[in-house]
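**Q** Sequence:
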Amino acid sequence: MTPPDFHHARPGTPADAWTTALAARELPALSLPTARDRLVVAGAHPDDETLGAGGLIRTAAAAGWRVEVVTATAGEGSHPHSPTHPPQRLAAARRAELRAAISVLAPEATVRCLDLPDGGVAAHESDVVAALVRIIGTDGDDVLLCAPWRGDGHPDHEAVARAAAIAASRTGAQLLEYPVWLWHWGGADDLPWDEAVRLPLDAATLGVKRDAIAAHASQVRPLSDRTGDEVLLDGDLLAHFDRDEVFVAPTGPTEDDALDLVHRDRRDPWQVDSFYERRKRALTLASLPREHYGRVLEVGCSVGALAVDLAGRCDTLLALDSSETAVDLARTRTADLDHVDVRGARVPGDWPEGRFDLVSISEVGYFLSPRELDEVIARARAALTDDGHLLLCHWRHQPVGWPLAGPAVHAAFLATGAPVLVEHHEPDFLLHVLGRPA
1 MTPPDFHHAR
11 PGTPADAWTT
21 ALAARELPAL
31 SLPTARDRLV
41 VAGAHPDDET
51 LGAGGLIRTA
61 AAAGWRVEVV
71 TATAGEGSHP
81 HSPTHPPQRL
91 AAARRAELRA
101 AISVLAPEAT
111 VRCLDLPDGG
121 VAAHESDVVA
131 ALVRIIGTDG
141 DDVLLCAPWR
151 GDGHPDHEAV
161 ARAAAIAASR
171 TGAQLLEYPV
181 WLWHWGGADD
191 LPWDEAVRLP
201 LDAATLGVKR
211 DAIAAHASQV
221 RPLSDRTGDE
231 VLLDGDLLAH
241 FDRDEVFVAP
251 TGPTEDDALD
261 LVHRDRRDPW
271 QVDSFYERRK
281 RALTLASLPR
291 EHYGRVLEVG
301 CSVGALAVDL
311 AGRCDTLLAL
321 DSSETAVDLA
331 RTRTADLDHV
341 DVRGARVPGD
351 WPEGRFDLVS
361 ISEVGYFLSP
371 RELDEVIARA
381 RAALTDDGHL
391 LLCHWRHQPV
401 GWPLAGPAVH
411 AAFLATGAPV
421 LVEHHEPDFL
431 LHVLGRPA
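Under UniProt numbering, the residues of the sequence shown are numbered 1 to 438, in order.
These aren't lab readings, by the way, just hints derived from the structure by calculation. Please read all numbers here as calculations on a predicted model, not as lab measurements. Keep in mind that a hint or two might mislead.
[Unchecked claim] DEER-style ranges, computed between Cβ atoms:
hint : residue 1 : residue 2 : range
1    : G344      : E423      : 18 to 24 angstroms
2    : G344      : G294      : 19 to 25 angstroms
3    : E255      : T20       : 51 to 57 angstroms
4    : G294      : A335      : 21 to 27 angstroms
5    : H424      : A378      : 23 to 29 angstroms
Note that CB positions come from ideal geometry on N, CA and C, so glycine has one too.
Let the hints inform the model, and build the full structure from the sequences given.
**A** Take a look at the structure:
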């Protein structure tokens with residue numbers, strides 16, 4: 001898709017044209033999900049959240065929801081040629097305007113600014129992912145995450161949108177996306193109508209939203225009467241936001257290639273030949289209660305170092321990894337082992353058929369969302385033979401960009417009541433061997 005060529009100062013699509021297009025379609029009405037009670041709204045710049053989701057923020061706050069707003073940048077680049085407001089001064093003004101606007105919409109809301117460079121968010125996408133995951137935490141099932149639409153045409157908006165989609169996937173939060181610049185540059189053919197929903201705004205809510213928009217004074221009024229200080233959001237632009245709000249509720253899968261990138265950037269990202277990793281594998285192998293197993297499943301084989309060791313203790317080994325690069329590396333490492341089958345798979349969705357005498361889940365549990373972890377636990381329990389063993393080994397510290405850590409992963413498995421056959425704790429990792437729960 002060719003990025004739209006637009007500028008705020010050029011004439012755009014009239015608001016009336018969108019009003020007509022929206023009136024011609026019966027969009028599903030958006031209502032706050034009863035199973036959730038937290039709203040996290042992400043924006044690229046102060047005012048994005050107010051323009052695109054101000055009514056939603058107000059509605060959620062009025063319903064007693066906890067509201068959290070995070071902006072990737074302080075918007076210091078909105079007036080690059082201003083003779084009166086250098087970037088630092090403009091950033092301070094826009095942070096204050098954001099706090100003022102949100103205090104109108106949701107007085108108890110939390111407001112954060114990541115202070116990433118305006119115009120350069122794409123280079124810091126992983127930082128946005130990490131921040132959103134940290135804010136959402138392990139309670140993603142309680143969270144409605146709202147972010148710019150990933151087709152909005154502004155590179156910062158789209159970077160935040162991609163980051164939010166990944167954060168939602170990793171945490172289990174429900175995702176909504178709000179267009180901002182689409183209304184200016186686009187037409188009816190540019191909105192994905194099959195994923196669009198409408199939030200009706202009554203007169204009182206619209207009035208509060210107008211007050212919140214007015215709080216972004218640097219954007220809706222000239223900074224001065226000098227050249228370079230012109231108004232950014234004039235009446236024609238603001239008219240797009242003086243009506244019911246429209247969101248995109250994406251239904252397709254989210255592309256999250258972070259782990260594949262790790263393996264592409266470094267052929268041995270985990271330093272499997274270091275003393276720490278060699279010792280950990282030796283302890284892992286020594287902890288297995290049985291010298292030899294029949295059929296073994298390894299979930300998350302990475303480059304295949306543990307697979308080679310497990311292969312010496314079993315008749316057949318099926319090793320899985322979601323990274324295509326890791327699968328290629330593991331296949332190379334195990335090429336001389338005919339009884340080892342390395343496959344690309346993302347669990348729990350691609351869980352293999354059959355039962356196994358040993359299931360190994362090592363250094364991969366914290367790369368699952370909490371909901372995915374629950375399903376993996378259920379799948380692993382069902383896949384074990386009656387006298388099968390479950391091997392768990394995980395780093396104890398918090399991975400950046402994911403909500404779970406090793407102790408939480410092990411605690412979730414232990415909560416099933418599975419008998420603990422081996423337990424080993426060190427400052428940096430945990431090791432458990434569990435039997436099959438009754």
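**Q** Confirm or reject each hint.
**A** Quick rundown of the hints versus the structure:
no.: 1; hint: G344 - E423: 18 to 24 angstroms; result: violated (32 angstroms)
no.: 2; hint: G344 - G294: 19 to 25 angstroms; result: holds (24 angstroms)
no.: 3; hint: E255 - T20: 51 to 57 angstroms; result: violated (35 angstroms)
no.: 4; hint: G294 - A335: 21 to 27 angstroms; result: holds (23 angstroms)
no.: 5; hint: H424 - A378: 23 to 29 angstroms; result: holds (25 angstroms)
Checked against the numbered hints given earlier, this structure breaks hints 1 and 3; the rest are met.
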